[in-house]
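Q: Read off the chains here:
Number of protein chains: 2
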Amino acid sequence: MVLTTSCPTQCVLRVTDQTNIYQNDLDQCPANYQALSPLSFLLRARDIYPHRVAVIHGERRITWAETYARSAQLSAALAGCGVRRGDTVAIMAANPPAMFEAHFGVPMAGAVLNAINTRLDAAMVRFILQHGEARVFLVDREFSDVAGEALKGLINPPLIVAIDDDLCETGELLGETEYEAFIDVAADDFCMTLPSDEWDAISLNYTSGTTGNPKGVVYHHRGAYLNAVSNALTWNMGEHPVYLWTLPMFHCNGWCFPWTLAVNAGTSVCLRQVRADKVFKAIAEHRVDHFCGAPVVLNTLLSASADLKALVKHPVKAMTAGAAPPAAIIGGIQALGMDVTHVYGLTETYGPVTLCAWQDDLWGTHDQQTQASLKARQGVRGQMLEGLMVADPQTLEPVPMDGKTMGEVCMRGNNVMKGYLKNPQATAEAFAGGWFRSGDLAVWHPDGYIQIKDRSKDIIISGGENISSIEVEDTLYAHPAILEAAVVARDDEKWGETPCAFVTLRPGQTLTEAQVIAYCQANLARFKAPKHVVFCELPKTSTGKVQKFVLRDKANNLQ
Amino acid sequence: MVLTTSCPTQCVLRVTDQTNIYQNDLDQCPANYQALSPLSFLLRARDIYPHRVAVIHGERRITWAETYARSAQLSAALAGCGVRRGDTVAIMAANPPAMFEAHFGVPMAGAVLNAINTRLDAAMVRFILQHGEARVFLVDREFSDVAGEALKGLINPPLIVAIDDDLCETGELLGETEYEAFIDVAADDFCMTLPSDEWDAISLNYTSGTTGNPKGVVYHHRGAYLNAVSNALTWNMGEHPVYLWTLPMFHCNGWCFPWTLAVNAGTSVCLRQVRADKVFKAIAEHRVDHFCGAPVVLNTLLSASADLKALVKHPVKAMTAGAAPPAAIIGGIQALGMDVTHVYGLTETYGPVTLCAWQDDLWGTHDQQTQASLKARQGVRGQMLEGLMVADPQTLEPVPMDGKTMGEVCMRGNNVMKGYLKNPQATAEAFAGGWFRSGDLAVWHPDGYIQIKDRSKDIIISGGENISSIEVEDTLYAHPAILEAAVVARDDEKWGETPCAFVTLRPGQTLTEAQVIAYCQANLARFKAPKHVVFCELPKTSTGKVQKFVLRDKANNLQ
Chain A
1 MVLTTSCPTQ CVLRVTDQTN IYQNDLDQCP ANYQALSPLS FLLRARDIYP
51 HRVAVIHGER RITWAETYAR SAQLSAALAG CGVRRGDTVA IMAANPPAMF
101 EAHFGVPMAG AVLNAINTRL DAAMVRFILQ HGEARVFLVD REFSDVAGEA
151 LKGLINPPLI VAIDDDLCET GELLGETEYE AFIDVAADDF CMTLPSDEWD
201 AISLNYTSGT TGNPKGVVYH HRGAYLNAVS NALTWNMGEH PVYLWTLPMF
251 HCNGWCFPWT LAVNAGTSVC LRQVRADKVF KAIAEHRVDH FCGAPVVLNT
301 LLSASADLKA LVKHPVKAMT AGAAPPAAII GGIQALGMDV THVYGLTETY
351 GPVTLCAWQD DLWGTHDQQT QASLKARQGV RGQMLEGLMV ADPQTLEPVP
401 MDGKTMGEVC MRGNNVMKGY LKNPQATAEA FAGGWFRSGD LAVWHPDGYI
451 QIKDRSKDII ISGGENISSI EVEDTLYAHP AILEAAVVAR DDEKWGETPC
501 AFVTLRPGQT LTEAQVIAYC QANLARFKAP KHVVFCELPK TSTGKVQKFV
551 LRDKANNLQ
Chain B
1 MVLTTSCPTQ CVLRVTDQTN IYQNDLDQCP ANYQALSPLS FLLRARDIYP
51 HRVAVIHGER RITWAETYAR SAQLSAALAG CGVRRGDTVA IMAANPPAMF
101 EAHFGVPMAG AVLNAINTRL DAAMVRFILQ HGEARVFLVD REFSDVAGEA
151 LKGLINPPLI VAIDDDLCET GELLGETEYE AFIDVAADDF CMTLPSDEWD
201 AISLNYTSGT TGNPKGVVYH HRGAYLNAVS NALTWNMGEH PVYLWTLPMF
251 HCNGWCFPWT LAVNAGTSVC LRQVRADKVF KAIAEHRVDH FCGAPVVLNT
301 LLSASADLKA LVKHPVKAMT AGAAPPAAII GGIQALGMDV THVYGLTETY
351 GPVTLCAWQD DLWGTHDQQT QASLKARQGV RGQMLEGLMV ADPQTLEPVP
401 MDGKTMGEVC MRGNNVMKGY LKNPQATAEA FAGGWFRSGD LAVWHPDGYI
451 QIKDRSKDII ISGGENISSI EVEDTLYAHP AILEAAVVAR DDEKWGETPC
501 AFVTLRPGQT LTEAQVIAYC QANLARFKAP KHVVFCELPK TSTGKVQKFV
551 LRDKANNLQ
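As given, the protein sequences belong to chains A and B, one line each in that order.
Sequential numbering from 1 applies to the first sequence in the numbering used here.
Sequential numbering from 1 applies to the second sequence in the numbering used here.
Heads up, none of these hints are tricks.
Copies of one chain are not kept apart here, so a pair can be met inside one copy or by any two copies together.
Result set (EDC-like, lysine to aspartate or glutamate): computed pairs, CA atoms no more than 20 Å apart in a straight line:
# : residue 1 : residue 2
1 : K317      : E239
2 : K375      : E239
3 : K375      : D47
4 : K531      : D492
5 : K422      : D25
6 : K422      : D27
7 : K531      : D458
8 : K313      : E285
Simulated from the structure, these hints should not be mistaken for laboratory data.
Chain A on its own, in the form it takes in the complex (with noise of 0.2 Å):
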């Protein structure tokens, strides 16, 4: 027998009208069938760890009893002010627990939470409020002079909340109410909804669409419940984790880890700011043992002291996604002691839904630098996604698994979005052919495992053949003097495209442009070596990404 992968589909759905015995008088009923939602947690973490501790915010410590209370009374005040079932809730916050309970009360009103990038400029922030219809807008202080910027003009603005947070020592309170205030209302009686359909959106996520305006992408309560379970059952999480908050939740709802804390009954250590020093102390003070970030958070703790460093004194899980990590950075900071799991995903899969599931038995004897290697591989599907596969775009038929042939990330499952908001023919596009087009340009090894080359519009096509600007990143960060870098295409006259690359050099150290090149001359085919090198810090967005739009620009405008 063949074990084919020549069935990408993996099923043929056979849908017959035959009636057999099994359905008769076996119907859903109360008794049987519950809508999948991420709430039953909560209410779960709250009858039997009721006293354990769900949020640290500097000196504040809220339990799980008090969470569901607060959650229940943010509801209750939505409610009270005429929020329904569908209503958007917009909250501009870092992470303070209003933004953890914001992911509770706010679906528990039946409504839909959109969390929106703090980092976005008033224009694009008028334009989300404007297009997902927001009733309601909370708003942390740090963040009233953008907010109340993009409020400037809007039709139907929404009423504002502010949130007070004691952390927070920058901007006015903004609007008519304080959030302590808002929810300081009765729910003695409160009941809590829960969703009569798994299919109601619970959230709202503006991807950062490079190309005009952002994409609402619409998530579901069975696709939240689903991915938050499987984030518990991926990474192996156990009971109680004490997980600190390096991932904005603004950011595809945290990976949908507001949720999975509550499957398994955990802690979340807030944190306003991604800093080496917090960092290191929380997880020394708190005895963090999970976190999550994008591999400039990584980065940043490799940068740290070794005074910092040495705080680290028990076992640490560090889960990363984002731009493809360098293995340079998974091997420095499983150096420091920590397990790294490599994740994949993007906005319309609520965040990670693939792994690079490690396989002790094949690869636990390979050297560290080989181990960092296949570790950089965005791996193989998560328990909850149900298909993922790196296919032709035009013909989606799979590429050969053999390492080398591109093709473009595939997935489908019920942790893939409902769709953008208010955009069909985005949606239809997305899902043409029966399967989400990520956008993302991988090759498929021959153990399965998907490794990604780059974004479809970030590959550099340099004389007819393709350069992964991944490939050549990954060689400048194995550069000791180099602390960042990213790679883009730049028009040439000759070539089509060539490779200029952008360097940011670690403190006291020298590089010239020509050491570079010939560096990477050294240690790649020598078409895929830069043309050009700029020395600068790097543009990225508010989740760590480097804005390659920008340096495309850069590239094509140099002397």
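Let chain A serve as the given structure and place chain B on it in line with the hints.
A: Frame of chain A; chain B shown alone:
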């Protein structure tokens, strides 16, 4: 705010027809919706861990790639002989690899697996085959005699496939074909079927009901998926557990563990008989780290020689359920270095759905006996059960959490059965009021943990198997010399409980205890026969009902 428990349903389903922006153009499609089915986990284990051992049986090793291939072949063979969606495929087997494969191959064909209790007598097996309308019947040679007898006079007899297990030395092969020959079909182009509807039946498990004929409990793909995940989560199994089959797979589909082992790509160590020497040797040889069993299994291990016990040199986790395990047994097993998780469930709930979740911060400093007593409680709901309460059986009002007031254990959620096959009345009764009525009587402790005190249905649980007192009474009543009979549970160190019969003879008749026992052994499955018989008048209420609680006292005070 009061965290009220006065709202036992925990939710009010808000069903509105109000439309909102999230209801347009965001529909289900193959990219973002897949019916939940545990078969997905098999595909994943095959794709990611093809080389890992899925099954150990004597000298045999079967990888996940092979388990998939063999299951697909079984599915193709079934389809080849006309098995269609919603057809029943029965199996009567100890725990050989074929039994494990049937949990995947049968539903792959869209069919429903009916694993039959191997200790039933021929009449009961005949009833089950007839009621479940089995199209195919897989019979382990050990059970050929009973199966052969059951088939006699059966209307529409099924196709028989014999399982010729190398590790079984008794019994003739029954029927037309042997399992290995049966599945020796090309499945190269076979593309397995995932259900189009997650509500489709996946298995059928007969309970020994209190009234005459057993009831056929129907499971669906959605519930099997969720309970399989629940096992992995609540037991915190991690990846690649090595699981010993001390639990019969016919028992609630082995509490859904065949599917759980696909979730985490574990290894099943098959075991035909629970004997202390075999269990301890398997634990040592294969580094087993997880096993399940009724308290009688734990008791068997406790009674083993010190040499055998000394074989446990690594951490092992034991999950137990069935009769409430005496604290002494829990304590004894913990002293062996095994961590006991006490769970509870019924055939109607896919096996275990509650667990005595350990609260180390609260209980960690208690003495061992107190800890064992705390652990002897049935506890709280697992992550995938939506509701659990102890309530007045008439009003469904939750009883106070005082550790004293008795009520009926009620559950609801997606891991509650579809219902009873071809028995709408029993289904309606079981689900009356929107909760599944377990028939078990319990108290609710102030910390929210439930503890079962009695069974309202007078079921006797002997060695993990249910014995209906009414079935035994029916047999006794059929004896010409017996006027009246009542059967109750008598506590037993080895079996948990054994049946004790109270018998009133007709005037002028004589019978000895040995004669009554022999008569029952001849007319019932042997394990259902009473171990003790008392001749007396039966104590009755004013309305003529036998006072079983009086008899239970007597039974437990016999000399």
